[in-house]
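Based on the provided sequences and hints, a complete structural model is requested.
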Amino acid sequence: MKKLTEDILYQVIKKRPEQSHKGTYGRVLIIGGTQQFGGAVIMNALAAVNAGAGLVSVATDPSNFTALHAHLPEAMVIDFNDDLTDDIQHADVVLIGSGLGNRLDIVEATFDAIMARQILIVDGSALTLVAENKLSWPQSQLIITPHQMEWQRLSGVTINEQAFEAFNMLAQQRMNVQPILVLKQHHTQIYTLNQVFEIPNGGPYQATGGMGDTLAGMIAGFTAQFMLCFPEAIMAAVYAHSAIADELSKNQYVTLPTKISAALPEFMSRYAQ
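Here the sequence shown is numbered in this note's numbering, starting from 30 and rising by one per residue.
Treat the hints loosely; a few may be bogus.
Okay, the calculated beta carbon distance ranges per label pair [stated by the list, open to error]:
{"#": "1", "residue 1": "Gln207", "residue 2": "Lys31", "range": "14 to 22 Å"}
{"#": "2", "residue 1": "Gln202", "residue 2": "Phe94", "range": "40 to 48 Å"}
{"#": "3", "residue 1": "Lys163", "residue 2": "Gln281", "range": "39 to 47 Å"}
{"#": "4", "residue 1": "Glu161", "residue 2": "Pro233", "range": "24 to 32 Å"}
{"#": "5", "residue 1": "Gln177", "residue 2": "Lys31", "range": "15 to 23 Å"}
{"#": "6", "residue 1": "Leu257", "residue 2": "Glu47", "range": "13 to 21 Å"}
{"#": "7", "residue 1": "Ser165", "residue 2": "Glu47", "range": "42 to 50 Å"}
{"#": "8", "residue 1": "Gln281", "residue 2": "Glu47", "range": "31 to 39 Å"}
{"#": "9", "residue 1": "Phe259", "residue 2": "Ser298", "range": "19 to 27 Å"}
{"#": "10", "residue 1": "Glu161", "residue 2": "Gln207", "range": "15 to 23 Å"}
{"#": "11", "residue 1": "Phe94", "residue 2": "Asn189", "range": "41 to 49 Å"}
{"#": "12", "residue 1": "His216", "residue 2": "Asp108", "range": "34 to 42 Å"}
{"#": "13", "residue 1": "Glu47", "residue 2": "Asn131", "range": "46 to 54 Å"}
Quick caveat, the hints were computed from the structure, so don't treat them as lab data.
On a predicted model such as this, the values are computed, not experimentally measured, just so you know.
Ideal Cβ positions, reconstructed from N, Cα and C, are used throughout, including at glycine.
Structural data, given as structure tokens:
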């Protein structure tokens, strides 16, 4: 296992070229947020936009439209009860699952519509629905972001066994499509196709609702605009998420997820070369 360092940020985050436009930095579609869990996709979108994604659309329950526009006028909204096929296939990165509840129909439709050239990030409720219904993973560039209990449901590797990376690697390799696994824990680990990385930063000040939603949104934003640095863009997002929390914790008892998103543009500017 390799320890990630600050070098990953210098490696991934680049100065923006003068001749560019919003399409240059990727199209992200976020799918999730039932009526009672709308905050999850708001935090997804805040992170993706502040991380620098060029265009961010959120397919969610219509009851969330007003709150989303109030928090983030930069994002577009779509009714997730409609046919999302065209919206999915026009995205570079699709993030599904945060606050999605029991909407198995939306997960199945997304898996059917996604194409091999696209990046699909599966988070939150969608991971539980995959495990409970034994869904097959789609043929896309797949990133999954489970916490330890979600990974236990998906893989059968118990939380105690997850301390042994070999068990996690074996479970990852047995999937019909080998995903990049972001295993969220005290020091989050990233399992690529042939290596394992661990971040050394982060702490208990991150133990608050929405932290994983913000991380998933950051991964979407980083992978959309830094596609040429795949999968290093995933590592940079995970490292930056906890690095910002570390900085905020110097003066704050709890580092709220929305504060991490708000700090992203200034934080990223330090590393752009």
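Index of numbered hints that the structure contradicts, given in increasing order:
none
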